[in-house]
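Protein chains in written order, with the working numbering: chain A, 1 to 58; chain B, 1 to 231; chain C, 1 to 250; chain D, 1 to 250.
Worth double-checking, as some hints may not be accurate.
[Unchecked claim] Result set (DSS-like, lysine-lysine): computed pairs, CA atoms no more than 30 Å apart in a straight line:
| hint | chain 1 | residue 1 | chain 2 | residue 2 |
| --- | --- | --- | --- | --- |
| 1 | D | Lys-218 | D | Lys-104 |
| 2 | D | Lys-218 | D | Lys-160 |
| 3 | C | Lys-85 | C | Lys-12 |
| 4 | D | Lys-218 | C | Lys-85 |
| 5 | C | Lys-85 | D | Lys-100 |
| 6 | C | Lys-12 | C | Lys-87 |
| 7 | C | Lys-12 | C | Lys-174 |
| 8 | D | Lys-104 | C | Lys-87 |
| 9 | D | Lys-100 | C | Lys-87 |
| 10 | D | Lys-100 | D | Lys-218 |
[Claimed, not checked] Incomplete in silico selection of chain C near chain B, CB under 10 Å:
| hint | residue |
| --- | --- |
| 11 | Ile-31 |
| 12 | Leu-32 |
| 13 | Ile-142 |
| 14 | Trp-180 |
Since the hints were made in silico from the structure, they are not lab data.
Idealized CB from N, CA, C, for every residue including glycine.
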Amino acid sequence: MAFQTLNEFLSMNGYGVYVWSAWAVVVGAWGVQAGWVHLEYRRVRAGILRQIRREARS
Amino acid sequence: MSSEGGHSWARAFRYTFVRDLRLRIRHGSEWGSPLIFFALIVTLFPLATTPDRTVLVTFAPGILWVAALLAVLLSLDALFREDHDDGTLEQMLLSPVPAWLLVLAKMCAHWVMAGLPLALMSPMLGLMLALPSSVFWVTALSLALGSATLILIGAIGAALTVGVRRGGLLLALMVLPLYIPVLIFGAGVVRLALDGIDVTPYLAILGAMFAAALALSPWASAAALRLAHSG
Amino acid sequence: MWQWIHKWASPKHFYRVSTRVAPWLWGLALILLTVGALWGLAFAPADYQQHDSFRIIYVHVPSAMLAESCFALMAVCAVVFLVWKIKLADIVAKVAAPFGASMTFAALFSGAVWGIPTWGTWWVWDARLTSMLILLFLYFGIIALRYAFAREHSGGRAAAVLSLVGVVNLPIIKYSVEWWNTLHQTASFSLTKAPSMPESMWVPLLLMMLGAYALFGAVVLSRTRNEILRREHRARWVRALITDTCDKEH
Amino acid sequence: MACGPYWTFVVKCRARERRARRDDPARDNERQVGLRVQLEGRQLGCERDERWLFQALEFSIEDGDLCRVEGPNGSGKTSLIKMLTGQLEPSEGAVLWQGKPLPKARAAFHGALVYSGHLSGVKEALTPLENLSWYQAIGIDDDARSVAARWQALDAVGLKGFEDIPVAQLSAGQRRRVGLARLHLLNRPLWILDEPFTAIDREGVAALEHLVAEHCHKGGAAIVTTHHAFSSVAFTRRIGLDGHGGHHVL
Chain A
1 MAFQTLNEFL SMNGYGVYVW SAWAVVVGAW GVQAGWVHLE YRRVRAGILR QIRREARS
Chain B
1 MSSEGGHSWA RAFRYTFVRD LRLRIRHGSE WGSPLIFFAL IVTLFPLATT PDRTVLVTFA
61 PGILWVAALL AVLLSLDALF REDHDDGTLE QMLLSPVPAW LLVLAKMCAH WVMAGLPLAL
121 MSPMLGLMLA LPSSVFWVTA LSLALGSATL ILIGAIGAAL TVGVRRGGLL LALMVLPLYI
181 PVLIFGAGVV RLALDGIDVT PYLAILGAMF AAALALSPWA SAAALRLAHS G
Chain C
1 MWQWIHKWAS PKHFYRVSTR VAPWLWGLAL ILLTVGALWG LAFAPADYQQ HDSFRIIYVH
61 VPSAMLAESC FALMAVCAVV FLVWKIKLAD IVAKVAAPFG ASMTFAALFS GAVWGIPTWG
121 TWWVWDARLT SMLILLFLYF GIIALRYAFA REHSGGRAAA VLSLVGVVNL PIIKYSVEWW
181 NTLHQTASFS LTKAPSMPES MWVPLLLMML GAYALFGAVV LSRTRNEILR REHRARWVRA
241 LITDTCDKEH
Chain D
1 MACGPYWTFV VKCRARERRA RRDDPARDNE RQVGLRVQLE GRQLGCERDE RWLFQALEFS
61 IEDGDLCRVE GPNGSGKTSL IKMLTGQLEP SEGAVLWQGK PLPKARAAFH GALVYSGHLS
121 GVKEALTPLE NLSWYQAIGI DDDARSVAAR WQALDAVGLK GFEDIPVAQL SAGQRRRVGL
181 ARLHLLNRPL WILDEPFTAI DREGVAALEH LVAEHCHKGG AAIVTTHHAF SSVAFTRRIG
241 LDGHGGHHVL
């Protein structure tokens with residue numbers, strides 16, 4: 001373990017702002033992409049279901 | 001009716017070249033604007049910064065080159081659009097002469113009417129930016145060579161956006177990143193000439209970029225036009 | 001070889017095969033990234049010079065590499081789409097572009113933030129960051145061109161041509177930016193020469209990179225599947241698939 | 001001076017052309033027999049936005065054929081015409097010109113084709129004469145009779161006296177007639193006319209009908225899309241498209 005105490009880990013010996021902001025942006029970008037995949041799937045599925053219902057009615 | 005090959009290709013090239021020149025001369029107003037735009041941009045900088053000659057001379061190469069680059073970009077949008085709108089582009093793609101040769105003829109005409117005048121005007125505008133006269137020759141040469149490369153690269157973008165309404169901004173967004181190497185070496189050549197360094201190796205690299213663009217761009221533009229047309 | 005290409009050209013076949021592969025990819029990415037992150041953040045030793053700000057490398061290098069390989073993937077898809085007319089390649093290119101753009105932006109941001117403690121300012125016109133910035137503009141150009149056309153097919157073809165032109169220009173841009181200003185430290189990790197960092201530092205970096213590529217594969221695969229469903233929404237197999245997943249849920 | 005390198009480039013093309021002609025036997029007999037029209041569609045299919053406009057279309061156009069392409073708007077008529085001129089790649093099947101697929105026989109095919117589409121194909125800033133001389137240049141017509149041919153073509157479409165007025169000052173009908181003067185100017189065996197009768201007055205229509213009939217009688221071929229029934233001559237072939245994938249060929 002490179003850090004003695006937990007808050008030393010959180011503050012990253014003074015570089016916390018840079019390290020955590022960089023990690024937040026990159027991991028955040030990965031998270032957004034993963035979330036986007038799921039949202040897109042739901043949107044496409046809803047669209048197809050709506051189309052099936054519309055054609056079933058007409 | 002079989003073609004006599006090279007002879008008639010040369011004739012097709014020459015006729016298309018002359019036709020485009022004639023069109024540009026008759027539509028003087030629309031094609032003169034890149035030159036006025038070039039002069040206008042150059043005059044903006046001293047007004048925006050300082051008229052102090054020592055400061056201006058350090059930025060002169062960059063200002064000249066960025067203004068020339070934007071002027072070329074502005075004039076490129078109409079390169080294929082007019083022919084697309086009145087159907088002559090369709091006829092060019094359907095001619096037995098290979099399309100890249102006719103596209104090359106149009107690019108040469110565009111360079112003679114837009115690229116060359118920029119290079120010839122640059123010494124006069126260089127004076128306004130306190131550029132020493134010893135560097136005029138290098139500036140004009142780098143602009144002549146550079147504007148040809150810019151037209152060749154930009155023509156691919158113009159061919160891609162020929163089918164798109166209001167493609168001007170999109171053309172800039174697509175083509176400017178590809179202009180950066182030419183800008184770096186073009187402005188760099190003039191800046192090094194200012195410091196009295198021998199610039200022939202860097203002019204050679206600019207020439208190499210021109211040769212590469214000359215080899216690839218007509219073919220790529222013709223392919224892009226064929227794609228845009230069959231859409 | 002032609003049968004193999006043709007088999008993959010049918011979206012239905014791709015969809016059926018990828019149904020099994022996708023969950024594994026997502027799982028692999030998750031494991032690799034969490035282990036790499038914990039190791040890199042908490043257990044790897046700090047750099048003697050840059051102290052703990054060095055830990056940004058564990059996100060900067062993977063995102064920079066993803067930005068580059070995503071552009072390469074788009075170029076390969078462009079060739080496959082233009083030459084063999086395989087629609088799947090166009091879908092993969094369309095899906096990969098936003099991912100590549102976001103990775104380029106993430107690499108730029110993490111590189112700039114890393115610059116503050118090491119160079120004293122957040123933006124330095126150094127060769128690699130400038131090339132990355134130009135790559136970001138290339139991505140925007142390709143995405144904007146694709147959506148400028150009314151019909152998807154022509155948009156796909158135009159974007160494919162621009163990706164090829166872009167990929168040809170990328171080395172020239174890198175070389176000219178390098179000539180213009182070489183400031184950036186040499187690549188700290190390259191597969192050919194031995195890493196200049198001790199083992200406890202580059203192993204987490206390797207994990208993070210593999211995890212990032214696994215995530216890249218998973219995202220592109222899943223988004224391609226969504227795009228196939230969207231484009232083939234009239235096909236019977238799509239409707240059958242959607243209705244029975246819908247029944248399973250209720 | 002700027003075009004110096006291009007002349008050398010073009011001269012190299014001439015050398016390559018001469019070599020191609022020397023060792024290409026097929027080219028010799030083509031000249032003796034005179035260009036025979038042989039345009040075939042093999043299993044042609046056109047897909048737009050995941051929908052098939054037509055599929056498995058089979059037809060063959062020979063000398064003396066007058067073919068009419070008919071169908072409601074949006075049924076793929078123009079797409080079929082674009083496939084026949086080689087502008088649009090068929091989604092399925094291939095178009096053959098004298099037995100060779102179009103992309104391979106592009107130069108020979110375009111040397112035998114006159115295409116008149118929705119757009120007039122005439123530059124408005126130029127005069128009719130300049131327009132026609134440009135068409136002769138890119139159409140690779142031999143130099144000997146070109147000046148006379150231009151006057152004769154303009155006379156045939158009734159534009160005598162308007163030769164040196166910029167086309168912009170002519171009426172829309174006259175502008176289209178300058179476009180149609182190409183039919184007289186370049187004696188090509190195959191004519192593909194897309195809605196040729198738009199914006200043309202009655203006697204213009206009659207003159208054009210007569211011209212097409214005479215052309216087919218002399219051994220040429222013409223493919224016309226029009227809603228206007230030809231009064232004076234019968235169509236030897238019809239291709240009907242219904243826009244839902246179906247078609248009938250007579």
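Hint by hint, here is what the structure shows:
no. : hint                     : result
1   : Lys-218/D with Lys-104/D : 28 Å, holds
2   : Lys-218/D with Lys-160/D : 26 Å, holds
3   : Lys-85/C with Lys-12/C   : 16 Å, holds
4   : Lys-218/D with Lys-85/C  : 41 Å, violated
5   : Lys-85/C with Lys-100/D  : 21 Å, holds
6   : Lys-12/C with Lys-87/C   : 12 Å, holds
7   : Lys-12/C with Lys-174/C  : 40 Å, violated
8   : Lys-104/D with Lys-87/C  : 24 Å, holds
9   : Lys-100/D with Lys-87/C  : 26 Å, holds
10  : Lys-100/D with Lys-218/D : 24 Å, holds
11  : Ile-31                   : 37 Å, violated
12  : Leu-32                   : 33 Å, violated
13  : Ile-142                  : 8 Å, holds
14  : Trp-180                  : 5 Å, holds
Consistency note: the structure conflicts with the earlier hints numbered 4, 7, 11 and 12.
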